[in-house]
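Please model the entire structure based on the sequences and the hints provided.
Respectively, the protein sequence lines represent chains S and R.
Using the numbering used here, read the first sequence as starting at 1 and increasing by one per residue.
Using the numbering used here, read the second sequence as starting at 1 and increasing by one per residue.
The set of hints was computed from the structure by calculation and includes no laboratory data.
Note that beta-carbon positions come from the ideal geometry of N, C-alpha and C, so glycine has one too.
Treat each hint with caution, since some may be false.
Claimed, not checked - Below, a sample of chain S positions facing chain R; criterion: calculated Cβ distance under 7 Å: (1) Arg4; (2) Val12; (3) Arg89; (4) Val175; (5) Arg178; (6) Pro183; (7) Ile187.
As the list claims (entries may be wrong) - Straight-line distance between alpha carbons at most 35 Å, and here's what the computed DSBU-like set of lysine-lysine pairs gives: (8) R:Lys74 x S:Lys185; (9) R:Lys74 x S:Lys172; (10) R:Lys172 x S:Lys172; (11) R:Lys74 x S:Lys78; (12) R:Lys126 x S:Lys177; (13) S:Lys172 x R:Lys75; (14) S:Lys185 x R:Lys75; (15) S:Lys119 x S:Lys86; (16) R:Lys172 x S:Lys185; (17) R:Lys127 x S:Lys172; (18) S:Lys180 x R:Lys74; (19) R:Lys172 x S:Lys177; (20) S:Lys177 x R:Lys113; (21) S:Lys185 x R:Lys174; (22) S:Lys177 x R:Lys127; (23) S:Lys51 x S:Lys113; (24) S:Lys185 x R:Lys127; (25) R:Lys174 x S:Lys180; (26) R:Lys172 x S:Lys180; (27) R:Lys127 x S:Lys180; (28) R:Lys15 x S:Lys180; (29) R:Lys15 x S:Lys185; (30) R:Lys126 x S:Lys185; (31) R:Lys126 x S:Lys172; (32) S:Lys177 x R:Lys174; (33) R:Lys15 x S:Lys177.
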Amino acid sequence: MRFRRVWSLFRVRNNEFFRDRAALGWNFLFPVLVVFGFAFAFSGPSQKMFKVDVVGQDSPGLARDFLALPSVSSIGVKSVDEGLPKLRRHQVDMVLDAESVPPRYWINDSSPKGALLEKLLAAKPADSGFQRQTVEGREIRYVDWLIAGLLGMNMMFGSLFGVGYVIVRYRKSGVLKRLKATPIKPIEFVLAQVLSRLWIVLFTAVLVYAGTNFFLKFQMHGSYLTLFLVAAIGALSLISLGLVVAARTASEEFAGGLLNMLSSPMMFLSGVWFSLEGAHPVVQAFAKIFPLTHLVDAARLVMTEGAGMAQVAPQLSILGVSAVVFLALGAWSFRWE
Amino acid sequence: MATVLEARGLIKQFKNSRAVDGIDLVFPEGRCFGLLGPNGAGKTTTVEMLEGILAPTSGEVLYRGHPLDADFRKKSGIQFQNTALPDYLRVREALVLFRGFYDHGRSIEELLKACSLEDLVDRDIKKLSGGQRQRLLLALALVSDPDVVFLDEPTTGLDPQARRNFWDLVRKIKSEGKTVVLTTHYMEEAYILCDEIAILDRGRVIAQGSPDKLLREQFAGALVEIDVAAVSQELRLALPQPLFEREGRFEIPCASPAAIVRVLTEGGADLSSLRIRSQTLEDLFLVLTGQELRG
Numbered sequence: 001m002r003f004r005r006v007w008s009l010f011r012v013r014n015n016e017f018f019r020d021r022a023a024l025g026w027n028f029l030f031p032v033l034v035v036f037g038f039a040f041a042f043s044g045p046s047q048k049m050f051k052v053d054v055v056g057q058d059s060p061g062l063a064r065d066f067l068a069l070p071s072v073s074s075i076g077v078k079s080v081d082e083g084l085p086k087l088r089r090h091q092v093d094m095v096l097d098a099e100s101v102p103p104r105y106w107i108n109d110s111s112p113k114g115a116l117l118e119k120l121l122a123a124k125p126a127d128s129g130f131q132r133q134t135v136e137g138r139e140i141r142y143v144d145w146l147i148a149g150l151l152g153m154n155m156m157f158g159s160l161f162g163v164g165y166v167i168v169r170y171r172k173s174g175v176l177k178r179l180k181a182t183p184i185k186p187i188e189f190v191l192a193q194v195l196s197r198l199w200i201v202l203f204t205a206v207l208v209y210a211g212t213n214f215f216l217k218f219q220m221h222g223s224y225l226t227l228f229l230v231a232a233i234g235a236l237s238l239i240s241l242g243l244v245v246a247a248r249t250a251s252e253e254f255a256g257g258l259l260n261m262l263s264s265p266m267m268f269l270s271g272v273w274f275s276l277e278g279a280h281p282v283v284q285a286f287a288k289i290f291p292l293t294h295l296v297d298a299a300r301l302v303m304t305e306g307a308g309m310a311q312v313a314p315q316l317s318i319l320g321v322s323a324v325v326f327l328a329l330g331a332w333s334f335r336w337e
Numbered sequence: 001m002a003t004v005l006e007a008r009g010l011i012k013q014f015k016n017s018r019a020v021d022g023i024d025l026v027f028p029e030g031r032c033f034g035l036l037g038p039n040g041a042g043k044t045t046t047v048e049m050l051e052g053i054l055a056p057t058s059g060e061v062l063y064r065g066h067p068l069d070a071d072f073r074k075k076s077g078i079q080f081q082n083t084a085l086p087d088y089l090r091v092r093e094a095l096v097l098f099r100g101f102y103d104h105g106r107s108i109e110e111l112l113k114a115c116s117l118e119d120l121v122d123r124d125i126k127k128l129s130g131g132q133r134q135r136l137l138l139a140l141a142l143v144s145d146p147d148v149v150f151l152d153e154p155t156t157g158l159d160p161q162a163r164r165n166f167w168d169l170v171r172k173i174k175s176e177g178k179t180v181v182l183t184t185h186y187m188e189e190a191y192i193l194c195d196e197i198a199i200l201d202r203g204r205v206i207a208q209g210s211p212d213k214l215l216r217e218q219f220a221g222a223l224v225e226i227d228v229a230a231v232s233q234e235l236r237l238a239l240p241q242p243l244f245e246r247e248g249r250f251e252i253p254c255a256s257p258a259a260i261v262r263v264l265t266e267g268g269a270d271l272s273s274l275r276i277r278s279q280t281l282e283d284l285f286l287v288l289t290g291q292e293l294r295g
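Written out as structure tokens, the structure reads:
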């Protein structure tokens, strides 16, 4: 293998992408529009003013008068540990534990709603005797949670179609036949395509993130290096999957169908738009076969919970192994014709 | 003269048809060898097996006495009939890209000059005219300074001026001592460029030799042409065979035109459309295959 040949093809493929102005503009504009669209669509107040996680809904010590208030919506949870992370992220405003002795409640000191709820609780004499506890944590907006999913989805489309569709087009138009008549080896061609797409997908993702972050100031609790690594290995896995589709297919329609068959379920089942926590266990298990699920999962852990390399190691390993398997399969089955 | 390329018993069987049905050819060094035939005769299939792009069903191709191997890619330059390049590529970039595939070869400047592309270096290849595009594809075929150059219908669709310019380039390549394998369905092109031709029909070689030799072998004399309308039914039966009808005219190859003219005169034909000319490869083709080359 000659790196010079890979480099020649890598540069040509990059040029092809960056010189197609219309497609280039759309590649950047589309994800930005989606991010801003969701940021504004979900920035309004929720219907009930206050959300309270309650442990022990059947306990005699429950603050029934307080929870019966029309502006309070209560959600039953199994343990305090389940409610506290949500409280830290401002997804709920209070956690109430009626099972403990004495009964306790938690509020988030940085949430004004928590202070108001505390007053409401104190105003119900029948519900007195609760002990005050506090947690700290900034609010997580839907867009803070969503950004990892949106960028992941955009990378998924760019990776699958950018390699899958382009190679099939090359094959159909005769570019591959011309290359076959040169000393280029299949592995050199495949490597150039994968590397070029990896560079393009990451470049786009970084630019879209930086551009939208400038206005929306996403919560980022982890390290950018870890996040970048998650993105890079995830993209490599998705690109290699696209390569498997394109390795022998000669029809653009067929390739398009296959790519849609892969991308559509990923778009809806990989946790891009909503968390799969409450979904049917079968759906949850099924979603695990998609690289995008692990990519979004890991990116979200890094961003919203500040997870380090060790905490996202399981996801990184799955993505890394799948990338190697897909890449090997794609390169092995690749044909010029 | 050394043999550069040799085809032995080439057969290519596709699912429903036998495109090439047993072809043996020898390509001497430094010559331009033409493969002629009507559409579907098996020219492109044959040339792609010679290039090593297509594997024969049976038979073999030898380059300087050895079966084709990976090294042959460096020794051969190919201009396909239908070829595509990546989009948004400029002329110089295309040459740099292909030059990068080879360890040895010609310099970009040399190639630009050799193929008259100096004024087009920064042109988007999509914006090239037909002739300019073919010159670029030729330059790409020459980038490794190959021993053998394959040109598959390189002038199809070009206007006469562009075609003539292209012929000059091919002559230049020949003068450098390279072996050229050319497929074409333009008889004039084959006559002007080729030292030797093989005429293919239905996957077989039906005639082979230098253009002049083939013409001499097949045609002793001249060709008499006259409008079909000028010849009555009875007179037509009186004319000697073979007799071809092409584009509203009868064509009668013959050793002695005087005899034919006498028959026509005595038969009362209107001689205003009569013409006597020497035979061309086009006529030869008609005689050999019974069909027109571009039919």
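task = Determine which of the earlier numbered hints do not hold for this structure and return their numbers in increasing order.
result = 3, 7 and 11
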